[in-house]
Amino acid sequence: MASHVRLDGRKTTETRPIAISFDKLARADGSARFSFGETTALASFSGPIEVRLASELPSKATFEVHLRPLSGVSAADAKSLSSAIRSSLEPSLFLNKAPRTLAQLVIQSLSPSRGASWGDSLSAAVINASSLAIVNAASIPMRGIVCAVAIGSLSDGTLVLDPTDAETAKLRGTGCFAFMFADDIGEAGTEIDCVWTSWRSIVGGYDEKELLRAKEVARVGARTVYSAIKKSIQGAILGVGTAEQTRDEIMKTDESESSDDDEKMII
Amino acid sequence: MATVTTPITPLPPAPTSKLNHLSQDEQDALKAAVFQRLHPRAYLEKFLAEDVRPDGRSFDGFRDVSVNVGSISTADGSALVRMGNTTVVCGVKAEIAEPELDKEEEGFLVPNLDLPAMCSPKFKSGPPSEEAQVLSDRLNQALLASNLLPLKTLCIEKGKAVWVLYVDATCINYDGNAFDATLLAMVAALRNTTLPKATYNPEIDQTLCSRKTPRVPLKLSPSLPISMSFGIFDSKFVLADPTSFEEPLLDTTISIILGDSNQIVSVSQFGSTMLTVEEDGQDTRRDALAECIEVAKARRAEVANEIFT
Numbered sequence: 001m002a003s004h005v006r007l008d009g010r011k012t013t014e015t016r017p018i019a020i021s022f023d024k025l026a027r028a029d030g031s032a033r034f035s036f037g038e039t040t041a042l043a044s045f046s047g048p049i050e051v052r053l054a055s056e057l058p059s060k061a062t063f064e065v066h067l068r069p070l071s072g073v074s075a076a077d078a079k080s081l082s083s084a085i086r087s088s089l090e091p092s093l094f095l096n097k098a099p100r101t102l103a104q105l106v107i108q109s110l111s112p113s114r115g116a117s118w119g120d121s122l123s124a125a126v127i128n129a130s131s132l133a134i135v136n137a138a139s140i141p142m143r144g145i146v147c148a149v150a151i152g153s154l155s156d157g158t159l160v161l162d163p164t165d166a167e168t169a170k171l172r173g174t175g176c177f178a179f180m181f182a183d184d185i186g187e188a189g190t191e192i193d194c195v196w197t198s199w200r201s202i203v204g205g206y207d208e209k210e211l212l213r214a215k216e217v218a219r220v221g222a223r224t225v226y227s228a229i230k231k232s233i234q235g236a237i238l239g240v241g242t243a244e245q246t247r248d249e250i251m252k253t254d255e256s257e258s259s260d261d262d263e264k265m266i267i
Numbered sequence: 001m002a003t004v005t006t007p008i009t010p011l012p013p014a015p016t017s018k019l020n021h022l023s024q025d026e027q028d029a030l031k032a033a034v035f036q037r038l039h040p041r042a043y044l045e046k047f048l049a050e051d052v053r054p055d056g057r058s059f060d061g062f063r064d065v066s067v068n069v070g071s072i073s074t075a076d077g078s079a080l081v082r083m084g085n086t087t088v089v090c091g092v093k094a095e096i097a098e099p100e101l102d103k104e105e106e107g108f109l110v111p112n113l114d115l116p117a118m119c120s121p122k123f124k125s126g127p128p129s130e131e132a133q134v135l136s137d138r139l140n141q142a143l144l145a146s147n148l149l150p151l152k153t154l155c156i157e158k159g160k161a162v163w164v165l166y167v168d169a170t171c172i173n174y175d176g177n178a179f180d181a182t183l184l185a186m187v188a189a190l191r192n193t194t195l196p197k198a199t200y201n202p203e204i205d206q207t208l209c210s211r212k213t214p215r216v217p218l219k220l221s222p223s224l225p226i227s228m229s230f231g232i233f234d235s236k237f238v239l240a241d242p243t244s245f246e247e248p249l250l251d252t253t254i255s256i257i258l259g260d261s262n263q264i265v266s267v268s269q270f271g272s273t274m275l276t277v278e279e280d281g282q283d284t285r286r287d288a289l290a291e292c293i294e295v296a297k298a299r300r301a302e303v304a305n306e307i308f309t
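The listed protein sequences correspond, in order, to chains A and B.
So the first sequence is numbered by UniProt numbering: it starts at 1 and just counts up by one.
So the second sequence is numbered by UniProt numbering: it starts at 1 and just counts up by one.
Keep in mind that a hint or two might mislead.
[Claimed, not checked] Below are the PhoX-like pairs computed for lysine-lysine, each with C-alpha atoms no more than 20 angstroms apart in a straight line:
#: 1; chain 1: B; residue 1: Lys236; chain 2: B; residue 2: Lys93
#: 2; chain 1: B; residue 1: Lys103; chain 2: A; residue 2: Lys170
#: 3; chain 1: B; residue 1: Lys46; chain 2: B; residue 2: Lys236
#: 4; chain 1: B; residue 1: Lys93; chain 2: B; residue 2: Lys152
#: 5; chain 1: A; residue 1: Lys230; chain 2: A; residue 2: Lys24
#: 6; chain 1: B; residue 1: Lys197; chain 2: B; residue 2: Lys219
#: 7; chain 1: B; residue 1: Lys18; chain 2: B; residue 2: Lys31
#: 8; chain 1: B; residue 1: Lys297; chain 2: A; residue 2: Lys209
#: 9; chain 1: B; residue 1: Lys152; chain 2: A; residue 2: Lys170
Since the hints were made in silico from the structure, they are not lab data.
Using the sequences and the hints given, assemble the complete structure.
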């Protein structure tokens with residue numbers, strides 16, 4: 001299985017080259033661009049900002065995610081993905097630190113979505129760009145960083161990380177996994193928590209073992225994404241000055257988590 | 001000298017005194033209902049601490065399901081599903097259309113779920129809510145992933161005419177877990193669907209259906225997808241088949257779709273599945289996904305026996 005060679009010469013457990021840039025969209029609090037090879041997404045984050053009265057929440061910030069495809073208006077598939085993104089990023093944010101406000105994430109896909117639905121690698125790029133934009137804004141304290149990768153299963157059972165469009169046509173099963181990475185929590189060092197699973201068969205079904213195997217391969221893949229993200233933050237933001245705060249806020253998770261529990265009990 | 005021990009003053013007459021015309025049981029029920037409205041989280045926590053859910057189910061208990069097929073005579077196939085109080089009605093309507101140029105032999109399957117204002121005060125009238133759109137898209141993905149209806153079987157004449165199946169579901173009473181109920185209704189409705197015999201006539205470039213020849217059922221794959229959903233509350237409790245009261249309080253939702261012989265068609269999980277369990281005074285964390293899959297397998301067999309045999 002390990003000897004499987006892919007069309008572009010990658011190993012099965014290798015993603016396409018990851019590129020990260022912070023675009024400094026002038027009117028947003030934070031923005032970032034993330035790509036796996038050609039698959040690119042651009043995310044912008046604003047918050048805490050004023051919230052519409054109808055969606056105001058008394059105990060936490062309202063978290064909105066808007067996803068725009070490369071062409072046309074966003075349809076049901078984009079709505080579905082944006083709700084998945086919201087639920088996978090929400091565990092990483094301390095939204096209760098800014099009640100009665102709005103945290104708004106707008107993501108623009110810079111790659112065409114294949115056919116009727118968003119590809120899994122595009123979904124992964126979208127999530128990674130979103131995490132980076134929120135870190136770049138540094139306005140909402142975070143528990144960890146959510147990183148996602150796409151994964152596919154070939155007809156012989158080989159799992160391939162970050163499948164390209166050409167490979168996707170031959171897949172038997174496909175999916176996307178997102179993990180939340182939090183450094184310095186507990187004794188185990190980095191804590192990794194799966195926050196989004198979407199694993200579907202294309203031909204026939206699969207069994208539990210394959211799901212767990214896929215999740216493990218994805219976990220390793222997500223770790224490479226995490227290192228890339230960490231490196232980009234250290235390189236691009238820490239030099240700027242204000243970003244000291246970002247890092248502090250990410251690191252402060254221990255304290256914030258305990259205070260979060262207190263609040264839960266009061267509510 | 002004044003008396004030292006004052007008798008305990010009775011509690012000031014609570015506003016409930018207006019409710020004196022009600023029996024004690026009715027007053028208690030009213031108090032519980034008010035508590036549930038004002039503090040839904042605390043209300044649920046109190047039940048779960050006693051190892052039971054507000055509706056009397058165990059944590060991994062599903063609600064009773066009943067399916068009634070063919071009740072809409074104007075549709076080509078239909079089903080009505082009740083899952084506890086959640087009621088979904090689904091009708092299949094067939095039309096003839098031209099196929100897409102790059103998929104000349106494939107028909108179309110268009111599932112849609114409507115959550116009208118009628119089914120719950122949660123929903124507003126007007127254009128489909130975000131929740132309805134998200135559910136419709138997930139249902140579409142589930143039907144595609146399970147390959148229940150191979151789209152090539154909907155071909156009438158290659159490149160000229162194919163069937164379009166509109167699988168429209170409407171929720172008429174919403175009490176949570178609409179996804180499971182709707183998928184069940186759609187599968188049951190597709191099983192109930194029959195199509196007239198259609199022939200394409202190249203001379204007049206039209207497709208003709210005959211009323212005289214008997215209608216034929218769809219060529220469905222024998223592996224019927226059934227979805228089982230779970231929710232995680234407070235990183236501690238895994239609740240199967242959540243109701244509309246439990247749903248907004250959940251941190252995580254998991255949907256597991258199983259086909260025949262427990263083949264997994266799709267697993268989707270939104271939020272973390274790690275549970276914090278107290279063991280020997282220490283908090284340990286474990287993943288709940290594997291146990292959900294086990295519960296789902298047992299449940300799939302039950303539902304399939306009851307409904308699809």
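query: In ascending order, which of the hints set out earlier in this document are inconsistent with the structure?
result: Violated hint: only 1; rest satisfied.
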